[in-house]
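Engineer: Sequences listed follow chains F and D, in order. Using my numbering, the first residue of the first sequence is number 1, and each one after it goes up by one. Using my numbering, the first residue of the second sequence is number 1, and each one after it goes up by one.
One or more of the hints may lead you astray.
As the list claims (entries may be wrong) - Taking CB as the label site, the calculated pair distances span:
no., chain 1, residue 1, chain 2, residue 2, range
1, F, 215, D, 58, 55 to 63 Å
2, F, 219, D, 174, 50 to 58 Å
3, F, 216, D, 29, 41 to 49 Å
These are calculated hints, taken from the structure and not from any lab test. Backbone N, C-alpha and C define an ideal beta-carbon position, used for all residues, glycine too.
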Amino acid sequence: MTAPATDTAPAVVQRGSFELTLRRLLRDKAGLLALAFILLLVAFALGAGVVEAWTGHSAFEQYRDTGLTPTGMPVGPGAEFLFGTDGLGRDVMVRLAYGARTSLTIGLLASVLASFIGVSIGLVAGYFGGWADIVLGRTMDLVMSIPVLLCALALVSVFGPSVILSVAVIVFFSWTTIGRVIRGQVISLRQRDFVQASRSLGAGPFSIMIIDILPNLSVPIIVYTTMMIPNGIVFEATLSFLGLGIVPPAPSWGGMLAEAASNSIYLVAWWLIMIPGAILLIATLSFNILGDALRDALDPSGRPARKRRKASKP
Amino acid sequence: MISFLASRLAFAGLVLLVLSAFVFFLFFVAPGDPARLLTGEKATEAQVAQVRANLGLDRPIHEQYLSFLGRTVQGDLGFSYRNQQPVTKLIANRMPATISLGIGAVLMWLALGIPIGIMSARHPGSWRDRMGQGFILVGVSFPTFVLGMALLYLLYFMPRQAGFTLFPAGGYKPFLADPLIWAWHMFLPWVTLALTTAAIYARLTRGEMLAVMGEDYIRTARAKGLSERKVVLKHGFRSILTPLTTQLGADIAAVLGGAIVTEQVFGLQGIGSLAVQAVGNQDRPIIIGVVLLAGFFIVVANIIVDLLYVLLDPRVRGAH
Chain F
1 MTAPATDTAP AVVQRGSFEL TLRRLLRDKA GLLALAFILL LVAFALGAGV
51 VEAWTGHSAF EQYRDTGLTP TGMPVGPGAE FLFGTDGLGR DVMVRLAYGA
101 RTSLTIGLLA SVLASFIGVS IGLVAGYFGG WADIVLGRTM DLVMSIPVLL
151 CALALVSVFG PSVILSVAVI VFFSWTTIGR VIRGQVISLR QRDFVQASRS
201 LGAGPFSIMI IDILPNLSVP IIVYTTMMIP NGIVFEATLS FLGLGIVPPA
251 PSWGGMLAEA ASNSIYLVAW WLIMIPGAIL LIATLSFNIL GDALRDALDP
301 SGRPARKRRK ASKP
Chain D
1 MISFLASRLA FAGLVLLVLS AFVFFLFFVA PGDPARLLTG EKATEAQVAQ
51 VRANLGLDRP IHEQYLSFLG RTVQGDLGFS YRNQQPVTKL IANRMPATIS
101 LGIGAVLMWL ALGIPIGIMS ARHPGSWRDR MGQGFILVGV SFPTFVLGMA
151 LLYLLYFMPR QAGFTLFPAG GYKPFLADPL IWAWHMFLPW VTLALTTAAI
201 YARLTRGEML AVMGEDYIRT ARAKGLSERK VVLKHGFRSI LTPLTTQLGA
251 DIAAVLGGAI VTEQVFGLQG IGSLAVQAVG NQDRPIIIGV VLLAGFFIVV
301 ANIIVDLLYV LLDPRVRGAH
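Please construct the entire structure, taking both the sequences and the accompanying hints into account.
Structural biologist: What follows is the structure, encoded as structure tokens:
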């Protein structure tokens with residue numbers, strides 16, 4: 001398909017789609033900053049063991065002598081404990097690093113799984129139309145009208161809190177958004193000439209969906225999967241905050257904030273909420289900014305919402 | 001029109017049916033014996049069997065589900081395992097706090113999100129637009145419980161440290177006793193619950209307004225010599241009411257979910273905290289009751305939205 005690069009005009013450099021996207025992305029300063037923070041966070045999570053070795057504090061040990069004041073209160077940020085200690089005298093920074101592992105893993109895993117399900121169902125519903133579309137579309141409506149957090153409560157009360165359950169709940173309630181988007185895109189793509197051409201060459205529906213249509217969906221898939229990560233992180237933190245996610249004493253951001261909230265200990269130890277709260281906020285903010293930047297870089301033609309509206313007018 | 005309404009009602013019924021089956025069978029397969037839970041550790045086998053028979057737990061599952069459905073339709077949600085009180089009564093007691101929280105939050109996010117979105121869209125690229133976009137980004141990223149705790153720290157605790165009371169720490173005061181005290185106690189919970197959604201509304205309003213303001217009929221309205229205010233509100237904003245309504249239907253439904261977290265942070269005795277406590281106590285009838293109530297709310301909100309469509313958009317009227 002790609003024509004060999006000819007150098008008839010030396011001043012004109014041929015740039016591939018990937019290179020153009022990268023150039024647009026590099027011009028987006030907010031997006032780069034967000035990406036930098038995400039990479040930093042990933043390093044922090046991966047290097048939790050390094051943080052542990054460097055501070056000499058484990059994530060679980062309660063430092064009763066150094067980590068608590070003589071009256072038994074947590075110690076504020078200082079030389080010994082960079083981010084202070086919690087109500088039990090544990091090192092907040094080390095726990096944050098391990099919590100980052102949990103949050104990022106769950107956020108990423110849930111988004112990829114939800115995206116896989118959403119894309120598969122969106123593809124089938126959009127491509128086949130008819131009954132498949134009605135049944136799958138109605139299923140999406142059904143899932144969307146279920147009270148998410150309450151059903152999560154019910155599930156946890158039966159099966160007990162666990163990582164797998166958290167991921168399952170997040171996946172179950174977040175695949176519909178991308179599913180709808182993909183369905184809409186597939187409906188417009190399946191009429192296009194290249195699909196007709198493929199069909200006339202004898203390609204079956206699954207080969208058309210995977211080989212012809214799927215590559216054209218890479219932009220919404222990348223953007224929406226990125227945008228789902230912060231939602232997954234917040235959802236996990238919320239579940240842990242309500243005591244329904246990660247089981248203590250395993251460190252998680254939501255769990256740390258819940259411990260800070262119990263007995264209102266954060267009112268006398270601001271770092272217990274401000275530091276985990278700020279990291280959680282900056283993490284979700286970064287993923288949202290990165291999602292916006294990716295959308296702008298991958299699809300420079302502008303906001304899809306505007307185009308769709310204009311086109312639908314008679 | 002009638003067939004449209006009928007299909008919506010049928011779907012609503014389906015949602016409730018699926019939801020009721022989900023919670024019922026979930027608890028049926030759950031480990032742990034409710035009869036044992038009710039009678040306590042010291043009860044004899046005979047006593048447990050007696051309670052089991054009284055609750056109908058010894059009957060086949062489909063019979064149990066049908067009788068459960070029958071009772072639910074009549075508004076009977078059973079009794080709490082913990083204190084034997086009717087679930088409907090327990091829920092009714094918690095209603096005022098949750099309704100106060102929900103209504104206030106909805107009004108607040110509309111009052112905040114829509115003007116910010118319109119302002120942003122009217123001056124694209126300006127400093128106002130950038131501030132609006134900043135609000136949107138921070139708002140959609142702010143986890144509810146982090147915001148609630150930060151507000152409590154900054155607006156309740158820090159002023160108290162300085163020697164004056166700006167806002168109370170939480171708790172619910174009845175509206176009828178003193179509306180001002182009620183609003184004062186509800187203000188921080190409202191902000192907490194409303195901010196994220198306000199940002200979503202600002203984003204939606206901005207996007208839709210940007211699209212609409214480029215239409216030809218807006219240029220016509222301007223050419224007629226209408227004031228900018230009239231152009232924006234009567235011609236521009238009027239046409240984005242439909243997408244806003246769609247969003248509102250979905251969000252009113254989600255209020256109960258957000259309320260769980262907000263009630264927890266501010267110590268409000270509402271339906272959300274009832275559900276969280278019920279999970280702690282393994283009090284299944286309450287959990288089932290709250291889930292069904294939430295489902296009912298969602299379904300009703302969706303039907304109201306569908307009816308509003310017909311009022312707002314003449315094209316829908318023609319289509320059905």
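Engineer: Mind listing which of the numbered hints don't hold for this structure, in increasing order?
Structural biologist: none
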